[in-house]
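Listed below, chain by chain, are the residues.
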Amino acid sequence: MHRFANPNRFMQISGALLPWTAASTVLLVAAGLYLGLFRAPPDYQQGESVRIMYVHVPTSWMAMFCYTFLAGSAAVGLIWKHPLADLSAKAAAPIGACFTLLALATGSLWGKPMWGTWWEWDARLTSVLVLFFLYLGYIALVNAFDDPTRGVRAGSILALVGFVNVPIIKFSVDWWNTLHQPASVFRMDGPTIHTSMLIPLLLMGVGFTTYFFWVWMLRVRTEIVAGKIRAHRRRQVQRAPVDFAGDGRAVSTEG
Amino acid sequence: MTRLACILGREFRLAQRHGMDSVLVVVFFVLAVVLFPFGVGPEPNILARIAAGVLWVAALFATMLGLERLFQADYEDGSLELLMLTPLPLEGVVLAKVAAHWLTTGLPLLIAAPLLAAILNMNVAGFLVLILALLLGTPTLSLIGTVGAALVLGSRRGGILLSLLVLPLYIPVLIFGVSAVDAAIGGFGVRAQLLILGAFLLASLALCPWAAAAALRQALE
Amino acid sequence: MTDSIAAFFAMGGYAFYVWPSLGLTAVVMVGLLWSSWRGLRSAEGTLESLRAAPTPQGTEASGRPE
Amino acid sequence: MNRFTGHDLDCIRGERLVFTGLRFELAQGEALVLVGANGSGKSSLLRLMAGFLRPARGELRWNGASLSEDPEGHRARICYVGHLDAVKPVLTVAENLGFWAELWGGGLESVGPALRAFGVDHLADVPGRFLSAGQKRRVNLARMAVSRTAALWLLDEPTTALDRAGVAALGKVLAAHRGRGGMAVVATHSELPLDGSKLLDLGYFAMAEVPV
Chain A
9 MHRFANPNRF MQISGALLPW TAASTVLLVA AGLYLGLFRA PPDYQQGESV
59 RIMYVHVPTS WMAMFCYTFL AGSAAVGLIW KHPLADLSAK AAAPIGACFT
109 LLALATGSLW GKPMWGTWWE WDARLTSVLV LFFLYLGYIA LVNAFDDPTR
159 GVRAGSILAL VGFVNVPIIK FSVDWWNTLH QPASVFRMDG PTIHTSMLIP
209 LLLMGVGFTT YFFWVWMLRV RTEIVAGKIR AHRRRQVQRA PVDFAGDGRA
259 VSTEG
Chain B
8 MTRLACILGR EFRLAQRHGM DSVLVVVFFV LAVVLFPFGV GPEPNILARI
58 AAGVLWVAAL FATMLGLERL FQADYEDGSL ELLMLTPLPL EGVVLAKVAA
108 HWLTTGLPLL IAAPLLAAIL NMNVAGFLVL ILALLLGTPT LSLIGTVGAA
158 LVLGSRRGGI LLSLLVLPLY IPVLIFGVSA VDAAIGGFGV RAQLLILGAF
208 LLASLALCPW AAAAALRQAL E
Chain C
8 MTDSIAAFFA MGGYAFYVWP SLGLTAVVMV GLLWSSWRGL RSAEGTLESL
58 RAAPTPQGTE ASGRPE
Chain D
124 MNRFTGHDLD CIRGERLVFT GLRFELAQGE ALVLVGANGS GKSSLLRLMA
174 GFLRPARGEL RWNGASLSED PEGHRARICY VGHLDAVKPV LTVAENLGFW
224 AELWGGGLES VGPALRAFGV DHLADVPGRF LSAGQKRRVN LARMAVSRTA
274 ALWLLDEPTT ALDRAGVAAL GKVLAAHRGR GGMAVVATHS ELPLDGSKLL
324 DLGYFAMAEV PV
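Residue numbers (the numbering used here), protein chains in the order written: chain A, 9 to 263; chain B, 8 to 228; chain C, 8 to 73; chain D, 124 to 335.
So that you can see chain A by itself, here it is in the shape it has in the complex:
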C-alpha cells in the first residue's frame, strides 16, 4: 500500500480529538481521585494505605496496555509498511515506560507498609521490571540510528520479538518466584473489591487510558512535524533543483 506518507488525515482527526481526550482525562481522574481519597472506605486490613491502589493498579494496567499497543502498531507497520504505524509505536513507548516506572514505584511504596521491604522479588513486580527493560531497549534502539525510519523499523522487529517473550518471561518468573519465595501473603486484588472501591478504580483506569491517547496524539503529531522539517532540510540540500522545461525534458540548471 503505497502513498507517499500524507499524514494530513491523521493531523485533522487528532486535531479534533485532542480537546475531547484532554477534557475527559481531567474529569475522569479528578472524579476517580475524589471518590478514591474521600468517599471510598479504608481497607479493613491495610487501613488507609490501600488508597495507593488507585494509582498503582491503573498504572500497571497501562504498562501492559501500552506494550500491547506498541507491539500492535509495530506489527501493522511491518506487515502493511504503513509509516504512521511505525510513528505510532515510537510515540507509545515513552508513555508505556513512564507507566511501568510508576507501577514499580507505587508498587514498592505500597509494599513497604505491607511486606516491610521496599522491593519484593514477587513474580508480578519482577516481570514488570523486565517489561521496563524491554521498553528501555526499544526506546534506545529507535534513537540509535541516524535515519529515523531505520530506527523505527528495527524497533518494530524488537517490539514483536519482545512481545512473543513477555508470556515466556512471566511464566519463567512465576516458576522462579515459587521456587525461591513463598507465594506472597498479600493478594493484590483481594477476595472481591467492594463497589465503592471498584468505581474509583475504573474511573482512574479509563482516565489513564484517555491520558494515554492524549499524549500519544501529541507525540505522533510531533513526529509528523519533525518528518516535514527533515523534508525541508533535504530540499535545501539539493543544490540543483530540476526545472521541468515544460515539454517533459529534464533540464538540470547546474552542471
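Where hints are given, some of them may not hold.
Residues of chain A clear of chain B, computed beta-carbon distances all greater than 12 Å [claimed, not checked]:
id, residue
1, M19
2, I21
3, D51
4, V245
Covered stretches of chain B (in silico footprint by chain D; criterion: 3 or more residues with CB under 8 Å from a CB of chain D, positions within the stretch not fixed) [claimed, not checked]:
id, stretch
5, 10 to 19
6, 88 to 94
No lab work stands behind these hints: they were computed from the structure.
The beta carbon of each residue, even a glycine, is placed where N, CA and C say it ideally should be.
We have chain A already, so just place chains B, C and D on it with the hints.
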C-alpha cells in the same frame, strides 16, 4: 544444502583465522567466574551455593561478547550484501552465522564450565546436568543474540545497546538453566527444566532466524 | 473541622507512603504531558520558520501546490 | 530471449522519494547506462534491481513474470558489484574468489581464468589485507567472471580505483558477457567502453517537488 555447507566452511575458516576470538571469550569466562571468590569470599559452602548462578551469568556475558562482531565485519566490507544475494534464503545465512558463533563461543564455554564448577566447589552431582543445561542453553543464547546483533547493525552505539536488548530476553534461559543445576544438586528431578530448555531452543530455532533475517533486510536496504 | 483535615492528611499513619505515590504519579504524568506538548510546539515553530524563509536558491520549481 | 523490464517504479529510501514513474526495458545482449546527478537515485535503482529494496509502487519483470513471485530465482541470475569490495583481509585472493565461485555455481576451476581476465592471477595466494584498493576492486570485478549463472550484471560505478588497463579489461569482459547473451546495467561517470548501450537519465524521473 551445499551452499549452506559452503557458507559454514567459510565461517569456520574465518573463525579459525581469527582464532584469538574464541580464546578471548573463554579467558573472559574464566576471569569473570574467578572474580567471584574475591568478591564473595573464599568460603567453600557459600561458593557452592551460588556456583550455578555465577557460571550461568558469566556464560551469558561471555556469549554476548562475541555477538557484536557477528555481522559487523561482513556489513562493513560489503560481504553481507553479497551473502544476501545468494540464492540461499537469508535465514540459511543467519543459521550459518549462529553455528559459527556457537562453535567459537558456546562450545568453549561448555568445555571450560566443569573446570570452573570445580573451582567454585560445586557439588559433583550438578556437573553432568550443568553440561546438559549449557548444551541446550548456549545455542539458544546464540540464536537470540543473533537477532540483537542484526538489529543494532549500523547503529551508533552497537555494543552497549546490544546487551540492553538481549539480556532481558536471556532471563528465561538463565532461570531454567540455574534451576536445573540446583535441582540436580538438591537431588530433585531435572527432567522438567531440561525439557523447558529444550523447548526454548526449538522455539528460538524457529523464530530467531526469521527475525534476524528481517532485521538484516532492514539494515541492507 | 481542622482535626478532620489533619486526620485526612495523616492517612491513618500511612501518609509517608500514600502522598509520595500520588505525588510521584502526578509529577511523572504531568511532566510527560508537558514535555510532549512543548516538543510539539517547538517542532511546529521550527516548521513555520522554515516555511516562511524562502529557500536559498529562490527559484524553487514547485510543480505542485505546497 | 530474456527481457528485463521495469514499469512505473517509485523508490522511497528512508523518507525520501528518490524517483517516480521510472520505466526501462533491457533485452538480451544489451547494456543500460544510468546517468544523472549525485543523489538522483542511480545506486537506489541498482539496489532495487538487485532486490535489496522493494519498489514502493510499480514492479520489475523478468520475461514478463514479476520478480516478487520468485525472489530466489532472480537472485541466482544477477551479479551485483557495489561500492564495497567484499575482500576478506585474512583470506587469500583465491579463497575469497573461490567462495563466491562455489556460491554462484562457477566452481573452483573458474577462479584461475577470472583472475587472469583482470590481471590479478599473480596475487592468488596473497591474503586480502596486502592488496591495494585497485587490486581489491579487480578481485571484486573478477567475481562477475565466476558467476556462471548470472545473466544480469548490475555495476555501481565499477571503474572507481581502476587504472586505464583495468577499465580496458572491464570493457573486454563486459563485451564478452553481452556477446554470450548477458545483460548489464552500469552506473558510471567515466567513459567506460560500452558501444551500442542505452542511456537512462534518472533526472527525468526525479520528483521535482516533494509534497511537504
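Results for each hint:
1. For A:M19, the non-interface assignment is confirmed: its Cβ lies about 27 Å from the closest Cβ of chain B, beyond the 12 Å cut-off.
2. With 12 Å as the threshold on Cβ separation, the claim that A:I21 sits away from chain B holds: the shortest Cβ distance comes to roughly 29 Å.
3. No Cβ of chain B comes within 12 Å of the Cβ of A:D51; the nearest lies about 33 Å off, and the non-interface call holds.
4. Every beta carbon of chain B lies more than 12 Å from that of A:V245, the smallest distance being close to 20 Å; the non-interface claim holds.
5. Look at the stretch 10 to 19 of chain B against chain D: 4 of its residues bring a Cβ nearer than 8 Å to a Cβ of that chain, three or more, so the hint holds.
6. Check on the stretch 88 to 94 of chain B: 6 of its residues sit with their Cβ under 8 Å from a Cβ of chain D, so the three-residue criterion for coverage holds.
The structure is consistent with each of the numbered hints, conforming to all of them.
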